[in-house]
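For the record, the sequence lines run as chains A and B. Counting in my numbering, the first sequence runs from 1 upward without gaps. Counting in my numbering, the second sequence runs from 173 upward without gaps.
Hints listed in this document are in silico derivations from the structure and should not be mistaken for laboratory results. Treat the hints with caution; some may be incorrect.
Simulated pairs of lysine-lysine, DSS-like, Cα-Cα distance not exceeding 30 Å [claimed, not checked]: (1) Lys168(A) <-> Lys367(B); (2) Lys346(B) <-> Lys69(A); (3) Lys367(B) <-> Lys79(A); (4) Lys79(A) <-> Lys69(A); (5) Lys314(B) <-> Lys21(A).
DEER-style ranges, computed between Cβ atoms [claimed, not checked]: (6) Asn6(A) <-> His316(B): 30 to 38 Å; (7) Thr66(A) <-> Thr378(B): 28 to 36 Å; (8) Leu271(B) <-> Glu38(A): 38 to 46 Å.
Among chain A residues calculated to face chain B with C-beta under 8 Å, some are [unchecked claim]: (9) Lys21; (10) Gly59; (11) Pro62; (12) Lys91; (13) Thr94; (14) Ala102; (15) Pro103; (16) Ala164; (17) Leu170.
Ideal Cβ placement from N, Cα and C applies to all residues, glycine included.
Letter by letter, the chains look like this.
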Amino acid sequence: MYKSQNSRTNTAVRRLMTEYKQLINEAPDGISAGPIDEDNFFEWECLIQGPEDTPFEGGVFPATLTFPKDYPLSPPTMKFTCDMFHPNVYKDGTVCISILHAPGDDPNMYESASERWSPIQSVEKILISVMSMLAEPNDESGANIDACKVWRNDRAEYNRIVKANVRKTLGL
Amino acid sequence: MASDSTTTTFIACIVIGFLLIRWFVIPSASPPSSSSTTGTPTSSSQTATEVNAGYRRRRPVTQAMIEVVQSIAPALTVEQIRYDLERTGSVELTIDRILAEGGLPLPPNAQPAAPQQPQPSPSAAAKGLYPDLITRYQLQTKLHADIDLGQHAGIIPGNTSTVAMKKAKWSQSKEERQEILRQQRENMILRARRKLEEDDKKINITE
């Protein structure tokens, strides 16, 4: 029991190391991610740049990724550590997006299995998905009801709040 | 006749066996899951559960129960949910309470971290929870220092960020790797910040 758990943890660390290496060597545009402290490979910090031509443009948004011990079998959880006003981000910062849901648990029963987490996904793909989520909120799976309402009914107000958060996060 | 009684015995054995297994499995299912909960969340919740276990062992609360409640009320902390579940012993009763009262009371020995968590009105707590990036990474001194960020800050960061990052390469040493990552992060933040400041200046000039 102990041994099998141990080897699973080793698999997770090895996999995370490989992903970390790839992210450093071929950093995709507008993304930076890595362990907060290499002594603990299960807690990562990442930065995501706001996509262009959206109210998030120009912003940089920090988030933490928390990996389970059986990664990559189970997906990590992602939480923004800045003010984030978005229909698919809970008020505590937790991101609600299909790629972060394991195929088994689909609370809403509308996501197709291919969109959801599987071991062939990666940190990079998660962050890219989150970037496109920022650009195009998914109205069907609202996590922040207030943001959903504002996004749907008053786009100018939504843009204003998002832009204010961009400036606040950068200390302006 | 003989076969009839063996069938009865057989069925009785299955029923007794089933009950025995149930009896053994269900009480032993909670200790491992509760130990796994102390491992995963923040250290504050760990101490809270230890303290809780110290003088009040209430009804068994499994991680699964907490997760169910949390999926309905993500703004509540694990401690709050655990505290109420220990009281009610039922997910339904706890959820009813959340829906009726709009939240849960804090455990009596709540950690100082608890006030950060939005309780009944999460929107109020959403303001001013996080320090900005400049403060968090102590970049005040570097804000206006003449640091080469790989590119002139005036150009749209999205198109140019790769140039600065291409310099970074994987290193065998742990310290170097962390340094590369830190550099990458700082450059990204500083570039974005300078871009915003320049945009502000442009607006001021045109006005």
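Results of checking the hints against the structure:
The suggested pairing of Lys168(A) with Lys367(B) holds, with an alpha-carbon distance near 14 Å, which does not exceed 30 Å. Simply put, Lys346(B) and Lys69(A) have alpha-carbon atoms about 22 Å apart, close enough for the 30 Å limit, and the pair holds. In summary, the hint linking Lys367(B) to Lys79(A) is supported, as the alpha carbons are separated by about 26 Å, within the 30 Å threshold. Taken as a hint, the Lys79(A) and Lys69(A) pair is honoured in the structure, with Cα atoms around 18 Å apart against an allowance of 30 Å.
Our distance criterion of 30 Å between C-alpha atoms is met by Lys314(B) and Lys21(A), whose separation comes to about 27 Å. In this structure the supplied range 30 to 38 Å is violated for Asn6(A) paired with His316(B), their Cβ-Cβ distance being about 50 Å. Here the CB-CB span from Thr66(A) to Thr378(B) is close to 45 Å, at odds with the stated 28 to 36 Å. For the pair Leu271(B) and Glu38(A), the supplied restraint of 38 to 46 Å holds, since their beta-carbon distance comes to about 44 Å.
Hint status for Lys21(A) relative to chain B: holds, with the closest Cβ pair at about 5 Å, below 8 Å. A least Cβ separation of about 7 Å between Gly59(A) and chain B falls short of the 8 Å threshold, and the interface hint therefore holds. With 8 Å as the threshold, the beta carbon of Pro62(A) comes within range of chain B, its nearest partner Cβ sitting at about 6 Å, so the hint holds. At its closest, the beta carbon of Lys91(A) sits 4 Å from a beta carbon of chain B; the interface hint therefore holds under the 8 Å criterion.
Below 8 Å, beta-carbon pairs count as interface contacts, and Thr94(A) has one with chain B at about 6 Å; its hint therefore holds. Here the hint on Ala102(A) is broken, as its CB sits about 13 Å from the closest CB of chain B, past 8 Å. The interface hint given for Pro103(A) is violated, since its Cβ lies 17 Å from the closest Cβ of chain B, which is over the 8 Å cut-off. Annotation: Ala164(A) was flagged as interfacial toward chain B, and the flag is violated, the nearest CB pair being 11 Å apart, outside 8 Å.
With its C-beta approaching chain B no nearer than about 5 Å, Leu170(A) sits inside the 8 Å limit, and its interface hint holds.
Hint violations for this structure: numbers 6, 7, 14, 15, 16, all remaining hints satisfied.
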